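Undergrad: One line per chain: the protein sequences are A and B, in this order. Read in order, the letters of the first sequence are residues 1 to 274 in the working numbering. Read in order, the letters of the second sequence are residues 275 to 673 in the working numbering.
To be clear, the hints were calculated from the coordinates, so they are not data collected in a lab. Relax, there's no trap hidden among the hints.
Quick list of the computed label-pair ranges, beta carbon to beta carbon:
#1 Arg208/A x Pro317/B: 43 to 51 Å
#2 Leu197/A x Arg283/B: 31 to 39 Å
#3 Asp609/B x Gly154/A: 49 to 57 Å
#4 Ala261/A x Asp279/B: 58 to 66 Å
#5 His616/B x Ala152/A: 58 to 66 Å
#6 Pro42/A x Gly670/B: 47 to 55 Å
#7 His175/A x Thr458/B: 26 to 34 Å
#8 Asp609/B x Glu141/A: 39 to 47 Å
#9 Ala264/A x Asp308/B: 46 to 54 Å
#10 Glu141/A x Met277/B: 17 to 25 Å
This structure is a prediction, so every number in the text was calculated from the model and none was measured. Ideal Cβ placement from N, Cα and C applies to all residues, glycine included.
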Amino acid sequence: MPRDVPALSRIPGVFDKLKSAGRKALIPFITAGDPDKASTVPIMHALVTAGADIIELGVPFSDPMADGPTIQRSSERALKHGTSLKDCLGFVREFRTRDEVTPVVLMGYANPIEAMGYDSFATAAAQAGVDGVLVVDYPPEESAQLTGKLRAAGIDSIFLLSPTSLDQRMEEVAHLASGYVYYVSLKGVTGAANLDLTEVGRKIPQIRSHVKLPIGVGFGIRDGATARAVAGIADAVVIGSRLVQEIEASPPGQAAANIGALVAEIRRAMDAQA
Amino acid sequence: MQMTDLPDRKGHFGPYGGIFVAETLMYALDELRDNYERLREDPAFVAEFEYELKHYVGRPSPVYFAKRLTEQCGGAQIWLKREDLNHTGAHKINNTMGQALVARHMGKKRIIAETGAGQHGVASATVAARFGMECVVYMGSEDIHRQAQNVYRMKLLGASVVPVESGSKTLKDALNEAMRDWVTNVEGTFYIIGTVAGPHPYPMMVRDFNSVVGRELLTQMPEVIGRHPDAILACVGGGSNAMGAFYPFIPHKEVRLIGVEAGGLGLQSGKHAATLCAGRPGVLHGNRTYLMQDENGQIMETHSISAGLDYPGVGPEHAWLKDTGRAEYVAVTDDEALEAFHAMCRVEGIIPALESSHAVAQAMKMARTMPKDKVLLVNLSGRGDKDMNTVARYSGLTL
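Can you build the whole structure from these sequences, using the hints too?
TA: The following block contains the structure:
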């Protein structure tokens, strides 16, 4: 049975506010340190200006198993400049000097967190102003310990659900998740095409019967039209590979402006729906 | 719980192992675990596997007393378990045969695999051909250049070989890419992982299929010397041949278990793949284990003269055997392995794989310091035909 989840971070407030305004959340993803360290915080502010409600900040990892070529390349670019988990926390701290309200979710892989240690990570992330953490390769059965420490530090643990998740797994996620859950809307890696909206529409009510949290949908969202369609059935639209592509294609110094324009266009399309 | 009862149902060997993958793979892993747990207890499946091992792979592989190598070292006896005599020339086929049978029982018609040196790719392509399945092998583009013969061999066997251009373009990147394929095509595809690493149930399943090596030794050595050897030595990259030889001996505490890692240019140089000797625990490729990583938790590129040992992780059961002290792990350099390779060629008439040469080198080192009534058993995991170009290059020749 769905249960109430107590508020930990800035995230629940954002969803409450959007709900009363009849709008859906737009959650852009970028890889920290891509194309360089100096660009990350300006890009984050540009995303907010363009209408982002929550920012997912990707922590680069050498072996991003669940990502497609676009986000892999962004990780490689960021690692070329030595972007570390510590740097990512530094970006959030710097972002917070100008933005106290927009939630930031760190998304990445387990090993950089393992290397820092759960306690140090939870403390440092809370101090930096991180609101949520999504570790791609920590499924519920391996994440109780970290989730507990994050909760104690006031940070939400975001979990993935997929088209192949059965009821029992949704129940396991419901026991640990807070903030929102992220429904990976197709089989495959990030950046793949062919979003099946009928399938997503079927799955969301099933998730809602287990998880009493907002549901974000990501994977396969590429433009205003797909974002608008997803906003019609989910609580949040997550868009990643398409933005990372835009950063990759931007001339030096132009990434923030280009990505801002793209996100603003998607925002308009989503709000037109509502 | 006995050490041999591990892993637990979630795949843990002490703090190691487990299932560390994205949600998109959980269903496939649950399905595989349920099927494998059933099949491993099914006498008909076990009989089918044993039939293939005997008639197709050519088991049991013999044990052989390396008399002249022993005399050259002048100490303990060196014996060899001849996995190099298996069909396709290495222990790898024990596992691919087992997994191909599991795939058949699960109704999967498409096989994918990752490969470094190409031995696991060849062994996967072989069983796919044997059972009429489609086979796709992911291989780093660097490794494709280094192992052109094995690439051609896989193609002859009907497999398609997909070059992987991401990251360091080697084994770990091929593994990432195979995982991505699996996530995308999860319904009809079976992923044959080539070593005792990865998410549960792979470390257990690959160990089980390779344990035929240790089980044969349990009866073979008493037949020829009247007792078990004093130590079993095996090279460790991911650790599948070592785990296969060690596992049945875990309860036989009088037998030392010695894993030999790739010391590359020396542990001080940083250019090596000696994960258990010099790495730290972390999470990669679906399991918690020792890893070669930097202070920020990024995975480091490794080096070894042998592509099969050139991997920054290691099977989680080895990590547990190390921490509990049941097995010991040492490193042997490229040069030492090459020296053992040449010694084996000239003194025994056996061309060993460069991977296996690491274990031979350690046995030679130890034999010199031990009395003649002691017995060292080396798991000679593969033959060296695939390494002709590499060895020639190190000798300054081009073939």
